[in-house]
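Chains as they are written, first to last, in full-length UniProt numbering: chain A, 1 to 280; chain B, 1 to 286.
Check the hints yourself; a few may be wrong.
Calculated pairs, BS3-like style, for lysine-lysine (alpha carbon to alpha carbon, straight line, at most 25 Å) [unchecked claim]:
#, chain 1, residue 1, chain 2, residue 2
1, B, 6, A, 104
2, B, 6, B, 282
3, B, 179, B, 282
4, A, 104, B, 71
From chain A, some residues computed to sit far from chain B (all C-beta separations above 10 Å) [what the hints assert, rightly or not]:
#, residue
5, 8
6, 29
7, 40
8, 52
9, 59
10, 77
11, 140
12, 191
13, 193
14, 195
15, 196
16, 265
17, 269
Note that these hints are calculated values from the structure, not bench results. The beta-carbon is built from N, C-alpha and C at its ideal position, and this holds for glycine as well.
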Amino acid sequence: MATRKRKRPASFYVLATLLGAYAVFLYAPMACVYVLSFQGPQGGMSFPMVGWSTHWFQVLFQGTGGQGVGDIPSAFRRSIRLALIVGVLTMIISVSAGMAYRRKFPGANFVFYSAIASMVLPGIFVGFGIALTFNLLGWRVNWFSSGIGAQLTWTLPFGMLIMFIVLGRFNPAYEEAATDLGANARQRFWMVIVPIILPGIIAITMASLTSSYEETARTQLNVGTGNTMPMEITGLLTAATSPVIFAVGTVTTFVSFSLVIASLLIMTRLAKRRSSRTAQ
Amino acid sequence: MKLNPKAVSLLQVAPMGIIFTAMVLVPLLIIIVVSFLDYDFARVFPEIYLGSWQDVLTSQLTLDLYETTFKFVAIVWVITFSLGFSIAYFLVFHVRTLQIRLMLLAAIAIPFWTSGPIRAVAWVPLLGREGLVNQALLGLGIVDQPVAWLMYSEFAILVAYIHLLTMPMVITISNSMMKIPGSIIQAAQDAGASEFQIIREIILPLARPGIAIGTIFVVTAVMGDFFIVKTMSGGQVNTATMAIVTELNAFQYPPAAAKSVLMLAIVLGLVALLLRFADIRKELTK
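Use the sequences and the hints to build the structure in full.
This is the structure in structure tokens:
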């Protein structure tokens, strides 16, 4: 709102201090984790640091941490496999549903409010309900049936909401122009709509990939045999009493950050390519 | 072949509708049904038994558990709202360039990508008996022995909740605030309104949708959580959801189901109430 320079009111300094204090509160615990993961071999779970080393990372990767350090590589593979499938399914189903919502149709409110309910209901109850249903039907819970289904109840509502944002900003003039030039529905979809909403589609895929990778409340009762990564980590955290848990923290944060940064890079590259094209 | 546009829409939305029906609505129905069934240590019988509901609705324990849950919801909401509103106000109305605003918003959102379990454990080196806070308090001579209630206590639970849930409040409220036209604020300033009057008379009412959606995040997260309560209290504090999880782990499905139905009804009721203040679809597309 301020285009001309004027003196900052007193509230500016009060609120700036508050934001600073909040930032310290926000980052302090995480900073402790990263620093303590480089604790020396003799060091404990709190400060001071007893030398610096990568000892605890070696313990983690070699699985020599004694009790609690389970089979991380296979849990990681399980989680990545699940995340990839859930990411692709969420993308296809959300884009399709988003296209449906461009018209009025019977049942629109039913699906929309189911999505809202699915999003706001505490995950542990949704997971419990799915496990119970499988149990009563006499089916075994399995990662590819109940596991994927349970995760979709968490990722699909967000996919739908992102599609609402993306298509809400979509300028229908582009599509009308394509129609006037004789494009059929398939051509309009693949050559006009998809290129324009591509950043949104990537956002949906990456968001569901990361949230599938982190989800536990809905997943844990429904994956069947074998832990996923967050379950493995939770087990580690409750069992291990050495700085190896901080090494886990540093590594998993690094993995999620790589995912987030990769998706941001892809999206900025797309945005750049588009702006250079429209500038011509 | 030419399909009626409504039929096309129905086909397009069908996969999503089927998944929500099969994985959310049917399971909820099953939970309700099972809450009325008889059980022993091993399995559920298809016979009607109202004992689970009697326990839930008449026991003092249920009341106590919900009292703890709602105490947490109330305290966490008041603090995350005040903090979230102040920070959002600062970002939108005091920070002058869009670039710095987005940078600060990103800085607030970044810790959110660290997984929950790790964020909970991260408090031990800070708040534990030998943690940094105790070391500082001892070093400064404010206390002569370590403060025990910093970690594994209700205080620790609240700290973890506030740490986790202020971010959604900041994001949703600042999203609403950014939509307030500068001209309205300018007009109020020209008419001689003080900063406080502008906040109370203009910004607060116009930020209501953002506040409502942020509140939904906070309320549902606190009510559905058992992990933070378990980790941060070291198992010493019990809430309504913790009680359900304990029964689930003991395979006591019907009583767990009855308690879940009550919890789900409360959560859905609260969300329905809050949605009266915000039209989600309008918020997203505008």
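Check the hint pairing residue 104 of chain A with residue 71 of chain B against an upper bound of 25 Å on the C-alpha distance. violated (43 Å)
Could you let me know if the closest chain B CB is still more than 10 Å away from the CB of residue 195 of chain A? holds (19 Å)
Does residue 196 of chain A sit more than 10 Å from chain B, CB to CB? holds (16 Å)
Claimed clearance of chain B by residue 265 of chain A, with the beta carbon kept past 10 Å: holds (14 Å)
Was residue 29 of chain A rightly flagged as not at the interface, with every chain B Cβ beyond 10 Å? violated (4 Å)
Verify the proposed pairing of residue 6 of chain B with residue 104 of chain A, using a straight-line Cα cut of 25 Å. With a Cα-Cα distance of about 7 Å, the restraint between residue 6 of chain B and residue 104 of chain A holds, given a limit of 25 Å.
Is residue 191 of chain A truly not at the interface, in the sense that its beta carbon sits beyond 10 Å from all beta carbons of chain B? Its Cβ never comes within 10 Å of chain B, the nearest being 19 Å, so this holds.
Taking 10 Å as the cut and beta carbons as the points, is residue 59 of chain A off the interface with chain B? Given that every Cβ of chain B is farther than 10 Å from that of residue 59 of chain A, nearest at about 16 Å, it holds.
Does residue 282 of chain B sit within 25 Å of residue 6 of chain B, going by the straight-line distance between their CA atoms? Holds: residue 6 of chain B and residue 282 of chain B sit about 22 Å apart, inside 25 Å.
Has the given pair, residue 179 of chain B with residue 282 of chain B, been kept, meaning a C-alpha gap of at most 25 Å? It holds: about 12 Å lies between the C-alpha atoms, which stays within 25 Å.
If we take the beta carbon of residue 140 of chain A, is the closest beta carbon in chain B still more than 10 Å away? holds (15 Å)
Does the claim that residue 8 of chain A lies off the interface hold, with its Cβ farther than 10 Å from every Cβ of chain B? Incorrect as stated: the minimum Cβ-Cβ distance to chain B is 8 Å, not above 10 Å.
When each numbered hint is compared with the structure, violations occur for hints 4, 5, 6.
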